[in-house]
Amino acid sequence: MKKNRLLAKWLNNDLSEDELVEFQASPDFEKYQKIKNYTAHLEVDDLDENAMLSNIFKQEKSTIEIPKMIPLYKNWMFRAAAIFVLALGITVALKNFVPQSQTANFGEKTTFSLPDNSEVVLNSGSEINYKKWNWDNNRRLDLKGEAYFKVAKGRRFEVQTSLGKVSVLGTQFNVKARKNRFDVVCYEGRVKVNYANTQVLLTHGQGVSFENGKQAKLIINVSKPEWIDNQICFNKENIRTILDEVERQYNIKIELNAKDTVSLFTGKLPAKDLNVALQIISTTYHLEVKKASKNKIILDEK
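For the sequence shown, position 41 matches number 41 in the working numbering, and the numbering has no gaps at all.
Rather than coming from a laboratory, the hints here were simulated on the basis of the structure. From the three backbone atoms N, C-alpha and C, an ideal C-beta is built for every residue, glycine too. Take these hints with a grain of salt, some might be off.
[Claimed, not checked] Label-pair restraints from in silico Cβ distances:
1) Asp142 x Asp14: 43 to 49 Å
2) Arg155 x Gly213: 27 to 33 Å
3) Ser162 x Lys259: 27 to 33 Å
4) Asn257 x Ala25: 54 to 60 Å
5) Lys294 x Ser263: 25 to 31 Å
6) Asn221 x Lys302: 31 to 37 Å
7) Glu301 x Lys153: 51 to 57 Å
8) Ala25 x Asp273: 44 to 50 Å
All chains should be built: construct the whole structure from the sequences, respecting the hints.
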C-alpha cells in the first residue's frame, strides 16, 4: 500500500524530499520513469466530486436506496490510476508493434528464437530486424550480414537482404550478404532464392553464390555452417574479403600493404586462434605479419 501511495503522489508531483529519495531508490523506479515519459502527453478530465454528489441527491428519494458511504479519493489518485493503466497498455503495444532488433557485435555470435520458436544464430558483425505483431501470418525479417536459420513449420518465411531475398516454409539454411557477395546454402528442405532477375531453387546440400552479377553453384557436405563451430570457410574469395571476415571474428583492424588483392582463396581459417589464421593468410599471399598494437595488425609484402 505504501508503494502504491508513493507512486500516486509521485505521478502528481506531490512527494516530499524524503519521500522522493525513498521512491527513486526503489528497484522499479526506472520502469515507472519510462512509463511516465511515454504518457506525459496524456490528459485525464478532472473529476467533479460536487457535481457527482449533486446529481445523486437530485433523484427522487422513493427510488433511491441509501448507499453505504464510501470515501472518495483525491482527484490526483484517479488521475494517477488512469495514467498508469494507459501506460501499461502502451507498454504492451510497444513490445508488439515496435520493430525488434538482434545484433552480433564483432568477435561475438548471438543465438535467439523468433515468436514461432524458429531458431537463429547471428554471425559476427550482423543484425536482424523484425516485428512480433501478426508474426505467424507474416514471417518476414531483414538481415544485414550472415545468419543460420532453423525455421519452424508454418507459413512462408522470408529473409530480406540488400542483395536478394530467401523464401522457405520450414527448413534449415544459411544466408550471407556482405558487400557485393550473396551466398545461400540449404541444409534441409527447400529454399527459393531471388537475386536481381534470377530465381534459384535449392535443396538439401546445395548452395548458390552471387557476386557482381555472376552466379556460382556450391556443393555442401556438412550438416550446418562451419562458422558455428568456429571455422571460417571461404570459396573463391579475394584477400580483402578474407581480411574483412577476420576483422569481424576477432574484433581487430588489419592494414594490408600488398599489390596482389585479386587472387582467390578457397579454404578454412580458425575463428578462435588469430596466430594460426594470420599464418595461413601470410603463407598463401607471401606476406609478413606485424602487430602494430593489441588490436591492429599490419600485413606487408615480403
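Legend entry - Which numbered hints fail: Going through the list in order, the structure violates no hint and respects every one.
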